[in-house]
Amino acid sequence: MFARLLTRRFHFSRTRRYVRAPPRLSARQASGLTLMSVWGAVLSVTFVGSKAIHLDSSEGVPSKKPSPSARSRTISYAHLESSVNYSSSESDDESLQTFYPDEGTGIYRYDTVQFVSNKPSENEHAEAILPVPSGHWSFFAVFDGHNGPDTIAFLHDNLILATTGALADLYSNAAEDPTALKSQVPQPSSAEIERTIKDTFKRLDHDIVHWAAQRALLSNSPSVVSNLLGPAHAGSCLAFYDSHSYVLHTALTGDSRAVLGRRAKTKNGDIIYEAHALSVEQNGHNLAEEYRLNARHPGEAVVMNGRVLGMSPSRAFGDGRYKWDLDTQRRLKRSYLEPTPLENVKTPPYLTAEPEVTSFEVKPGDFLILGTEGLWECLTNEEVVGLVGIWLKKQSGGVTESASSPSVKSQPIASQEPPVNFDGDTEDASVRYRQAGAQKQFVNVDHNAATHLLRNALASGANCDPATARFSMKASSSHTRLGDITATVVFFTEAQ
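UniProt numbering applies: residue 1 is where the sequence shown begins, and numbers increase by one.
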């Protein structure tokens with residue numbers, strides 16, 4: 001099935017085109033090529049049963065009414081969608097969306113938001129919920145790029161569908177296992193799932209980096225070479241939830257972050273939330289990453305002052321200068337006047353796109369926060385979880401047992417007030433509010449949970465009144481304070 005996905009044409013609801021090839025190669029240039037890099041289609045939509053929700057329609061808030069079941073009667077994963085309907089909601093500075101998937105997905109609701117500081121934006125997000133024989137698979141991803149938007153555009157178009165195809169093969173093989181019990185839906189182990197996700201990330205990066213170099217060396221067109229060899233790189237945080245096993249798998253390459261919030265009760269019976277970090281940023285401040293790089297490159301000063309050869313992330317998609325072997329770099333320089341290999345690049349590769357993958361069992365009422373680097377520069381794990389807890393309490397519709405009045409009040413919230421279990425030994429690593437000389441203060445004025453987090457992050461990071469925090473800061477001024485920020489908040493159902 002996955003092999004068929006690699007060569008299939010995918011179509012969009014507004015335009016018909018080939019799936020995006022590796023970064024900086026246009027669809028027209030790619031249309032005549034047979035590429036291993038043709039992986040999938042844009043997935044900034046959600047599959048709800050077999051229905052795609054259009055945010056640009058006049059239907060208003062997506063309906064919670066479940067559609068007819070799309071489950072297969074046989075254990076086969078070959079029916080996964082080969083085309084998607086693409087729609088987006090975007091303005092100059094802000095994009096926010098709310099979705100209510102159908103019952104049976106294990107997801108009650110999810111909210112997304114983007115703050116654009118750079119033009120064009122170097123952040124993206126993608127989501128998909130797919131029916132499978134055992135239930136539903138849900139995918140949520142955020143992408144954080146550097147040196148341009150090309151690599152994140154490729155990942156946005158391809159990462160989730162590539163992962164879906166690889167997992168479909170894995171689950172199909174498990175279903176064909178003759179030793180599996182016929183009364184149960186066969187499930188791969190978490191270790192097999194983690195390995196499959198890692199292999200998919202690495203394969204995509206190989207296409208971005210090494211396929212591009214191979215094509216450049218075969219091309220006689222300077223413009224094609226220039227497009228292929230761009231310096232853009234990007235990180236990604238991908239979450240995969242299986243409604244059958246209740247297991248959330250989180251894969252991180254780069255410096256985004258995933259945190260899970262879990263409801264608990266104090267001795268007095270009050271609601272409180274626990275923050276569970278599902279990932280750790282991979283950068284020069286991560287000692288495990290520093291040890292790993294020093295072991296691979298003995299005698300070299302790879303990490304200095306918290307940076308990896310001058311860059312922040314220690315893992316990333318793209319940026320071939322830190323991955324191509326020196327012979328390839330010299331050939332590119334001779335043929336196309338590409339830059340001379342960096343003096344400190346002696347034993348590449350230094351960067352890898354292989355993610356760290358964690359598995360975590362979801363319980364009723366849990367929620368997940370995915371955010372790019374900018375969010376965590378302004379807020380800690382505990383603050384983000386506590387702010388979502390406060391937001392839940394104010395919302396109507398019975399998201400949790402403690403949901404109350406539909407009215408939303410705007411009085412400030414003391415930084416000590418978020419109902420979260422703070423660890424007194426945890427250092428506040430959110431640096432932006434200190435740089436701005438701001439005192440942390442929080443408000444609760446939004447109906448979108450991701451926007452609620454963004455407003456409070458901007459208020460802390462930009463030293464402005466959170467009750468009137470604007471998302472329309474001009475790029476010329478905001479870039480010096482805050483980069484692009486993308487956040488996704490996923491609420492799991494109360495019952496499993």
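Be aware that one or more of the hints could be misleading.
Here are the computed distance ranges between Cβ atoms for each label pair [to be verified]:
hint, residue 1, residue 2, range
1, Asp325, Thr266, 21 to 27 Å
2, Met304, Ala277, 24 to 30 Å
3, Glu494, His276, 31 to 37 Å
4, Asn344, Asn220, 30 to 36 Å
5, Ser226, Ala495, 16 to 22 Å
6, Lys363, His447, 23 to 29 Å
7, Leu287, Arg195, 37 to 43 Å
8, Asn268, Asn344, 28 to 34 Å
9, Glu176, Glu300, 43 to 49 Å
10, Ala301, Gln214, 47 to 53 Å
11, Asp270, Ala295, 43 to 49 Å
12, Arg331, Met304, 26 to 32 Å
13, Glu343, Leu218, 24 to 30 Å
Taking lysine-lysine and the BS3-like style, the derived pairs with C-alpha atoms no more than 30 Å apart in a straight line are [said to hold, decoys possible]:
hint, residue 1, residue 2
14, Lys119, Lys265
15, Lys333, Lys265
16, Lys267, Lys333
17, Lys202, Lys346
18, Lys119, Lys363
19, Lys440, Lys394
20, Lys393, Lys440
21, Lys202, Lys333
Calculated directly from the structure, the hints in this document are not laboratory data.
Glycine included, each C-beta is placed from N, C-alpha and C at the ideal position.
A quick look at each hint next to the structure:
Taking the beta carbon of each, Asp325 and Thr266 are about 57 Å apart, not inside 21 to 27 Å as hinted. Between Met304 and Ala277 the C-beta distance comes to about 26 Å, which sits within the given range of 24 to 30 Å. One distance hint, 31 to 37 Å for the beta-carbon pair Glu494 and His276, is violated here, with the actual separation near 18 Å. About 32 Å separates the C-beta atoms of Asn344 and Asn220, a value consistent with the hinted range of 30 to 36 Å.
The given range of 16 to 22 Å is broken by Ser226 and Ala495, whose C-beta atoms sit roughly 55 Å from each other. Between Lys363 and His447 the beta carbons are some 25 Å apart, a value that agrees with the proposed interval 23 to 29 Å. Distance hint check for Leu287 and Arg195: the Cβ-Cβ separation is about 25 Å, which falls outside the suggested range of 37 to 43 Å. Distance hint for Asn268 and Asn344: a CB-CB separation of about 57 Å, inconsistent with the stated range 28 to 34 Å.
Take Glu176 and Glu300: their Cβ atoms lie about 47 Å apart, and the range 43 to 49 Å holds. Against the hinted window of 47 to 53 Å, the Cβ-Cβ separation of Ala301 and Gln214 comes to about 31 Å, which falls outside the hint. For Asp270 paired with Ala295, a C-beta distance near 47 Å keeps the hint of 43 to 49 Å intact. Look at Arg331 against Met304: about 29 Å separates their beta carbons, and that is inside 26 to 32 Å.
Between Glu343 and Leu218 the beta carbon distance is about 28 Å. The supplied range of 24 to 30 Å therefore holds. The straight-line distance between the Cα atoms of Lys119 and Lys265 is roughly 45 Å, outside the 30 Å bound, and the hint therefore fails. A C-alpha spacing of about 62 Å is found between Lys333 and Lys265, which places the hinted pair above 30 Å, so the restraint is violated. Between the alpha carbons of Lys267 and Lys333 the distance comes to roughly 67 Å, so the proposed pair goes past 30 Å and is violated.
The suggested pairing of Lys202 with Lys346 holds, with an alpha-carbon distance near 22 Å, which does not exceed 30 Å. Our distance criterion of 30 Å between C-alpha atoms is broken by Lys119 and Lys363, whose separation comes to about 40 Å. For the hint pairing Lys440 with Lys394, the CA-to-CA distance comes to about 21 Å; that is within 30 Å, so the pair holds. A distance of roughly 21 Å separates the Cα atoms of Lys393 and Lys440; the hinted pair therefore holds under the 30 Å criterion.
Between the alpha carbons of Lys202 and Lys333 the distance comes to roughly 26 Å, so the proposed pair stays at or under 30 Å and holds.
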